[in-house]
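Turn these sequences into a full structure, and let the hints steer you where they fit.
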Amino acid sequence: MKISREEVLRVAELAHLELSPEEIDTYRGQLDEILSYIDKLKELDVTGVEPMAQVIFHSDAPQGAESHPELREDVLRRCDVADAVLSRATDAEKPFFRVPKVIER
Amino acid sequence: MSAQTSWTVAGVREALASKKVSAKELASEFYVRIEKRNPELNAYLTLSPERAYEQAARIDAAVGRGEPLPALAGVPIAVKDVISTTGIRTTCGSKILENYVPPYDATAVERLERAGAVVLGKTNCDEFAMGSSNENSAYGPVRNPVATDRVPGGSSGGSAAVVAAGLAVASLGTDTGGSIRQPGSFCGIPGLMPTYGRVSRYGLVAFASSLDKIGPFTANIADAAAVLGAIAGHDPNDSTSAAVPVENYLAEIEKPAKGMRIGVPEDYFGEGLDPEVKEKVQAGIALLESLGCQRIPLQMPHTDYAIAAYYIIATAEASSNLARYDGVRYGLRVPGSTLIDMYRKTRERGFGPEVKRRIMLGTYALSSGYYDAYYLRAQKVRALIARDFSDAFQKVDAILTPTAPTPAFRIGEKSSDPLQMYLADIYTVTGSLAGVPGISVPCGKTKAGLPVGMQIFGPHFREGSVLRLARAFENAGGFTI
Chain A
1 MKISREEVLR VAELAHLELS PEEIDTYRGQ LDEILSYIDK LKELDVTGVE PMAQVIFHSD
61 APQGAESHPE LREDVLRRCD VADAVLSRAT DAEKPFFRVP KVIER
Chain B
1 MSAQTSWTVA GVREALASKK VSAKELASEF YVRIEKRNPE LNAYLTLSPE RAYEQAARID
61 AAVGRGEPLP ALAGVPIAVK DVISTTGIRT TCGSKILENY VPPYDATAVE RLERAGAVVL
121 GKTNCDEFAM GSSNENSAYG PVRNPVATDR VPGGSSGGSA AVVAAGLAVA SLGTDTGGSI
181 RQPGSFCGIP GLMPTYGRVS RYGLVAFASS LDKIGPFTAN IADAAAVLGA IAGHDPNDST
241 SAAVPVENYL AEIEKPAKGM RIGVPEDYFG EGLDPEVKEK VQAGIALLES LGCQRIPLQM
301 PHTDYAIAAY YIIATAEASS NLARYDGVRY GLRVPGSTLI DMYRKTRERG FGPEVKRRIM
361 LGTYALSSGY YDAYYLRAQK VRALIARDFS DAFQKVDAIL TPTAPTPAFR IGEKSSDPLQ
421 MYLADIYTVT GSLAGVPGIS VPCGKTKAGL PVGMQIFGPH FREGSVLRLA RAFENAGGFT
481 I
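In the order they appear, the protein sequences are chains A and B. Residue numbering for the first sequence is 1 to 105, as defined by the working numbering. Residue numbering for the second sequence is 1 to 481, as defined by the working numbering.
Note that these hints are calculated values from the structure, not bench results. C-beta atoms are modelled at their ideal positions from N, C-alpha and C, and glycine is treated no differently.
Now the stretches of chain A that chain B is said to cover, found in silico as 3 or more residues with beta-carbon under 8 angstroms:
1. 46-53
2. 77-86
Subject to a maximum C-alpha distance of 30 angstroms in a straight line, what follows is the list of computed DSSO-like cross-link-like pairs (lysine-lysine):
3. A:Lys-40 <-> B:Lys-380
4. A:Lys-40 <-> B:Lys-414
5. B:Lys-20 <-> B:Lys-36
6. A:Lys-2 <-> B:Lys-414
7. A:Lys-40 <-> B:Lys-278
Have a look at this one:
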């Protein structure tokens with residue numbers, strides 16, 4: 001198999017997913033199958049090809065698109081949303097979100 | 001009350017202006033239909049009658065004052081549940097957001113309402129838009145209104161189903177790898193994916209940020225042009241929305257298709273394509289030729305690598321975007337002994353199997369030791385696929401392909417095999433990676449009565465020519481070929 005049980009556990013830890021033993025086995029098998037398929041990317045010669053991370057500002061951008069007109073001016077704007085945001089949390093006391101203790105002393 | 005059963009944007013406008021119906025009566029008529037049909041289809045997750053009737057009252061008041069009506073005045077519209085709506089629950093088809101009520105509207109929704117549209121409610125979808133069948137919703141699958149033992153496609157299955165079933169005049173979906181075009185194909189209606197950056201993503205809950213687009217489902221091409229016209233354009237709240245002028249789509253679609261060069265890539269007609277789908281799409285292309293379009297054979301040699309590149313890039317971006325669901329600020333929180341324990345328990349309980357699978361795959365592809373082999377290589381292959389498109393558009397005005405290799409499959413038929421489900425996205429993910437606009441238009445039915453879709457891609461920001469070709473096809477009877 002391309003992916004070991006230890007690797008599945010490591011990835012789950014990185015992703016903060018608590019998987020059951022059955023899930024670990026299921027995902028191991030499925031990820032193995034998917035990654036084996038994805039190996040076909042290795043068939044292509046990509047020497048000298050620039051990686052494409054975004055569509056915008058691509059070389060064939062149409063006429064009329066200036067360099068970065070999408071960026072707005074860097075000016076302060078009022079943003080009075082604290083109450084609306086905090087009201088969506090399970091546990092919050094203005095101006096904080098409350099979480100289990102993270103620092104032992 | 002009107003006896004009319006199928007409404008269009010233009011029809012609603014005319015009926016309002018001539019006072020045959022009020023916006024309130026129309027909204028009410030749609031809620032009656034929804035009440036009858038939705039229990040079977042499971043296409044709407046949440047209805048928003050209060051907001052709908054308030055908007056309808058505004059439109060009726062404008063009619064009463066004899067004011068000019070905005071482009072989508074009184075048009076009942078549904079919105080996919082990954083698009084934020086102030087005060088209306090937005091679940092993303094996930095348990096982790098079961099009780100989440102956004103404090104703001106997506107720009108697309110704000111623009112729809114500014115254009116007079118009446119938002120009826122929110123539609124079911126695959127969890128966080130991850131899926132091709134709508135079977136990954138935490139709230140149960142949507143049934144295809146054309147054949148209720150079959151899937152409506154995904155991930156925007158609910159948005160496609162409500163328009164196909166006449167439970168909304170139009171709807172918004174989102175398309176990351178085919179999630180508007182494929183359900184459009186399966187349900188027998190047009191589904192339009194605009195160019196990346198044509199419609200603001202502000203307020204769209206992120207799945208894969210370099211691929212996500214918002215676009216309309218409608219019953220016809222003129223309606224697609226009207227809805228796109230209302231939602232397109234630069235938005236200061238989305239730095240990836242393009243400052244490219246918006247075409248007058250309703251004017252563009254009136255131009256004849258004669259003389260347009262249509263490219264047909266043989267790479268899209270090979271192994272795995274259902275013979276009946278192939279036959280219908282070839283007949284569709286022949287119909288366009290008969291209208292004076294010039295058919296040009298194309299080679300798009302990297303097509304076969306698109307699924308592999310797409311499922312690395314999309315899952316890598318998803319694993320990063322979905323890190324925000326940690327139980328701290330909004331959504332589900334499952335108590336834990338430590339902060340990390342709380343994160344892990346919340347995510348374990350809140351996410352469904354497909355979302356976890358994709359987070360795992362994306363995290364793996366981005367992890368130390370695999371980044372170059374998977375993520376970086378996938379981005380390079382993405383550049384090659386984009387080059388296939390830019391090379392093709394040197395020679396043609398549009399590219400024609402099947403939308404999906406098969407018609408709608410049965411509920412449960414593919415849900416146990418993730419890779420087989422991914423492979424069915426073969427014809428849609430290419431254009432997603434390139435960021436070009438694409439539409440699926442109805443192209444007849446199979447002998448069993450299942451809709452077939454034909455896909456039309458155009459160059460970046462040329463939705464006008466995509467819609468123009470689609471409209472010519474519609475006018476020539478292509479939808480029922």
